[in-house]
Every structure is written in structure tokens, then in C-alpha cells.
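Peer 1: With the hints as extra help, turn the sequences into a complete structure.
Chains as they are written, first to last, in the working numbering: chain A, 10 to 376; chain B, 10 to 376.
Hints should not be assumed to be uniformly reliable.
[What the hints assert, rightly or not] In silico DSSO-like cross-links for lysine-lysine, where the CA-CA straight-line distance does not exceed 27 Å:
1. B:Lys344 to A:Lys13
2. B:Lys13 to A:Lys320
3. A:Lys131 to A:Lys157
In short, the hints are calculated from the structure, not lab data.
Protein chains: 2
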Amino acid sequence: MTAKRVGVIGSGQLGRMMALAGTPLDIEFVFYDEATESPSARLGETIQPSTSNSLESFLASVDVVTYESENTDADLVARINKSKPVYPGENSLRRSQHRLVEKNTFRDLGIKTANFLRVTTKDELIKATKELGLPIVLKTTTMGYDGKGQAVVKTDSDIDSAWEALKGNELIAEAFVNFSRELSIIAVRDIQGNTRTYPLAENDHSDGILRVSQVPVTGLSQAKQKEAESYITTLLDHLGHVGVITLELFDTDSGLIANEMAPRVHNSGHWTIEGTASSQFENHVRAICGMPLGSTQARQSNAAMINIIGKHGDREKVLSIPNAFLHTYSKTERKNRKIGHINLIADSKDEIENAITELTEFINECG
Amino acid sequence: MTAKRVGVIGSGQLGRMMALAGTPLDIEFVFYDEATESPSARLGETIQPSTSNSLESFLASVDVVTYESENTDADLVARINKSKPVYPGENSLRRSQHRLVEKNTFRDLGIKTANFLRVTTKDELIKATKELGLPIVLKTTTMGYDGKGQAVVKTDSDIDSAWEALKGNELIAEAFVNFSRELSIIAVRDIQGNTRTYPLAENDHSDGILRVSQVPVTGLSQAKQKEAESYITTLLDHLGHVGVITLELFDTDSGLIANEMAPRVHNSGHWTIEGTASSQFENHVRAICGMPLGSTQARQSNAAMINIIGKHGDREKVLSIPNAFLHTYSKTERKNRKIGHINLIADSKDEIENAITELTEFINECG
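Peer 2: Following this line, the structure appears as C-alpha cells:
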């Protein structure tokens, strides 16, 4: 049985790109979000939670529900799941929302992580600095992203300030990982349990925001490629996950170290729109609607994604590059806001590098 | 100056695919059509001509207007053009709507056509059979498509019945063309007069309906490729055309013979969605909105398009072929109705042929 109407909690660019991928497959989209002038707005009806009987109306208008964010209310998801299937399921969502549960899941599955300890008192923090060795990163176990809800303890003298900044929350102390670069792997699992993995991407961040992703990862050993695929497939099966999942990884001399997972399509996978036969958006829709999964193989040897952040920049320039693909989100300019991205697809690394050079302003200036 | 809001006269699959291509470029679409449950319906507002002040509302909500069909009311286009630009312009539209004007345009530009004569009396018809030589095809100069408004005169004994069937209309008599296959070329011209041409497609029709298009055309000489490109570029410039245009051609021993033109995106160009960097839909939107044209080069060596006609068929099978791309139009099943298409993109002719074989039911049974 194939679902035909997808309800999306949220109406941002991820919902927009799901709808653009799903519409040619005869899937209709309804969005559940307070914002109405949003990136998804022109691709389906938006039902505002604040209106009367909104949840009933939303659920009556869809066959299956998904969401855009790992910060989606898990209780709402549990409630919805009593009347309509929600993918990815509550289990994937709750484990993604709690750093300690997430790390324990990784550890239980043999997925390497940084050493970590639970911290709820200052004594436990001091003990963690000794057991894990300095420096450590102290994080709240829930919420917090892009550097918020975090403190770095480099020396004993940082302990007091870190504790003052974060006390009152359940915390996780993580040993510092000496990594050479940040990678991610994206995979998808359908209702029957079939899985497909996308090629790994190398991700460049600056000021806590993803700037550029590139595929393939230069000089990645076959062993590490297999390690990443094994990690994410194990994770998908263990969670009983349906839909797309993303695993962020650190590349180190002693192998890949899992950083965190996201139970959703991911910014580092936007290159798949033109880079593969079935993009992460299309495969997410296929999976949650009960359709067969599509090919996750790269259509050409090299790809890159450049985020458009803060300002739209020189669109004419982007449109004039033959192998550049512009994806705007119909969002207004605002500092540090992701308002679009540019995909570059080519048959050589050189072509990609040349295009990135031409588009340097998008990486350095647009923010 | 870049237009941001496109008004489309019509709301069928061509408008749908324009909107799917234009949305990532931050273009918004409004449709002007009586039908509201149409293929474009979920991709923008539909304004119904029968409602009060509909044309004013439509024009107030858009920056530029285009249309889906060569049967669009040219007087309406002329009227609209007084307040908003309409692309392609009235000149392209009117010449496409009148077979005699169209053929004279071809002849004036040195574009080879079948020999033809205007016929308004039975005496002129008899004269035409002698001057052109039998067989001839007798057609109404306006309207009529897919074999309607046509009669073939094979022998003198067919003259009476052909005349009875079509008399009262202005007619054109065309010499029969002995062609080996039907081809088409699609090109685009922007407001500044820059042009780009897509690779030629070979088109298989049956019962007057396009079934399969394939690219590249097997064994096409460089001379014929150049001839086609020269024809369509000459035509674009002569018409002052803005947007996409299609020229249907017969392949014969003595060169390419122009059959007819369409001032629009074309079914034989649907393969460009995944087959080129900028599809015919994207380039049409780019051209009419004043954006730079995108690349029309094939991304991989081989492509094909199979129309889904009458019945949806086995979608699971389509979705299971790694290099097949399903494009539905959200239309209900009806005999001989185009309700979707399948694009196949590959690195060899063999791969394409194998996929076509797997999908034979779509060519032979779905109708």
C-alpha cells in the first residue's frame, strides 16, 4: 500500500525540497506549522497548530507524517502515531534528542565515539576531567546546537566557569577528539527494512555553520568507507528507522568517530538533488510512502554543495556557471540564515574546485 | 531586471513542470485556467477566467506571462501584452497557428519544407494534386491536430471525399514526404537574443500520439545536426522569439524537412529534466524572466522518454529501475490521455534499450 498524502511537521526548506522531489511521484504535501510565509508555503496547504481542530484537520488530510527537525516534540509524535504512521519513529527521534542516550546507543552498537561521562554535579565534572583527560567538552544532554549549551574545559581553571554556565542541566562530558576533518554519511531505510547508503561527504564548517560539502571524500580508505556504511546500517536496523538518517563523523588516525545523528534529511546531503538518481529528499519520501528505494549512487564523479548564508549574493553569476544548480528557499536575507544552496556537479575535482573559486563570495562574504 | 512572478495561461503538465523547475530559482507561479483540479494546481494559485475581474487579478499578480499551448487565444495574448510582457510573443504564436503562414515563414527563411499550395476551391485542390503530385495531405490551415482536420488524397478518386470532409475551411495541400523517421529540435532564446539548442530527439509516434523519444539520434550526420541547429536559430531570431521553441522535422535522404513548429516546451524534450543541466522548463523560465540561459548539453550519453498514456501502469516497476525517473502529472486515467512520462538516462544505448524493454507495457499496453 502506497501512501499518497504526506504531512510534514514544519514548513522550512527541508519540507520544500521533499515536496519538490515528491510531487513528480504523485505525492501531495500538507504542512503543520505556525509560519505561513515559509519556504514550503507554495507547495501545499499549511495548517497552523494554533487554529481550532488543527491537529485533527492535519491528520485527516494525510496518510503518513514526517518532520523536518530533530527538535520536533516527541510527545506530539507519539500522539500522532496512534492514528497515523509517523516516520522516522519515536524511537529514532527520542534517541537523537538526548546526547547521553544517543552516545550510549552508539556504544552499544559498537559505533566508536569519544569517551564520555554523565555529569550532574560539580564533583562529577571534576572526576570527568580526570578520567577523560583534558581538554573536554561539556554539553547539555538535551537541546542546544551550533555551539549553544556547550563549554570547553581546557585546563582546571575552566572548570568553575563551565559549571556556572551549564549547571542545573543534565550534562555530558566528552573527551576531546583530535580529528582531521568532519564527514557525514546519509542512508535510508524503507518499511520492509531495505537500506541504501549515499557516498560520504566532507563538510567544512565555520562559525558553527556548514559552509561547503564535497563528495567524494578525498583519500578516504576503503576501510573507513565500509566502517561508515556498517555504522549507519547497524544504526538504521537497530532503531527500526524508516526514512533518511544522517550520521556525523570525525575522521581520525584511529578510524571514524561518531559525533551525532539526525533522524532526517541533512544539509550535507543537498548535493544529491542533481548528484544522484534519487536524492535524499526523494528517497525519504519513497521510504515513508512505501515505495521502492531509488539509486543512491553518484551520477557523476564529483559534487559539492555551497550554502548561501545571510545574503542572496550574485545569482546571475551562479546561473552562468554551466554545472552549477541554484536552490533558493524563498527566504529573506538575515545574518547567518541559510537561505539557499548551490550544487556543483562535475566529472573531475578540478572542475569543482574552479567553480568553488568562482563562487568564493558565497563562502566568505555572503554571511 | 529579473521577473519573479510568472503567469501561465493554462494549468496542465507543462505548467506543472515549469513550476517545479522555476521554484528552486525563487520564481512564483500563478495559473489562468478554468480547471482547478489540474496538474499545476498544487504549485501556485489558479485564477479562473470566468470569475469577475479575473484577468485584472491575474495580471496584477504576475510580472511576465507565458502559455502552455499553441492554441492559446492570440487576441488575448495581444491584449495582455499591453500591460505585461508575454513570451513567446504574439508573432511566434500567430505564425504557429496558421499552417500556411508557418510554411511560408519556413520557405522565406530557407528552411526546407514539403511543397505546398493554398487551396480554397475544389478546382484549386485538383490543380494541387497535379502540381504537387499524388499523394498529398490536405489540411485546414488553422486548428486541427493529432490527425484531425486532415485528409489524405492518394488517388484522384479520393479528391471528392477529401473535399467534402474539409470544404468551407481555408486549406493547405502538402506534397507527401517520404521520410525515414521523425525528429525534433528544441531551442531557447533569451530577451537579449542569446540562443541555445538541445540535442535532437528521435520520436516514435503511434495512433498520432508520441510514445517514445530518444537522444541522441542514431547515425545522424554532422551535416544534418548543423542543418537543424541552423534552422531553429534562424527561426528564433527571425521571430524575435523569447523562451523555448520546438521544430518538428522529417529525416529524408535529401536532408531534413521542417514539418511544424510549436512556440513552447515540447513532449519530446521532457528527457531534459534529468538529461541536461538546465531542462527545457528551466530554460524557458530563465529566458522569460530575464535570467542567463543554462546549459543545454546532455549530462550523460543516452536518454529516452516514454509517455505514460491512458493508464498509470506498474509504478513499482518504474521506481525499481535505477536510472528511470518517474514524472506523474496527477491526472486521472483516461484512454489516450498523457498522464505522465518516464525518463531514462544512461551511459550507453544498451542500457536505455534494456530499460525500454523492461517498460514495454508502457508503450504497448497502457494506452
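Peer 1: Holds or violated: B:Lys13 with A:Lys320, Cα cutoff 27 Å?
Peer 2: holds, 17 Å
Peer 1: A:Lys131 and A:Lys157 were given as a pair; does the straight-line alpha-carbon distance stay at or below 27 Å?
Peer 2: holds, 20 Å
Peer 1: Hinted pair, alpha-carbon criterion (27 Å max): B:Lys344, A:Lys13. Please report holds or violated.
Peer 2: holds, 23 Å
This entry satisfies every hint, going by the numbered hints stated previously.
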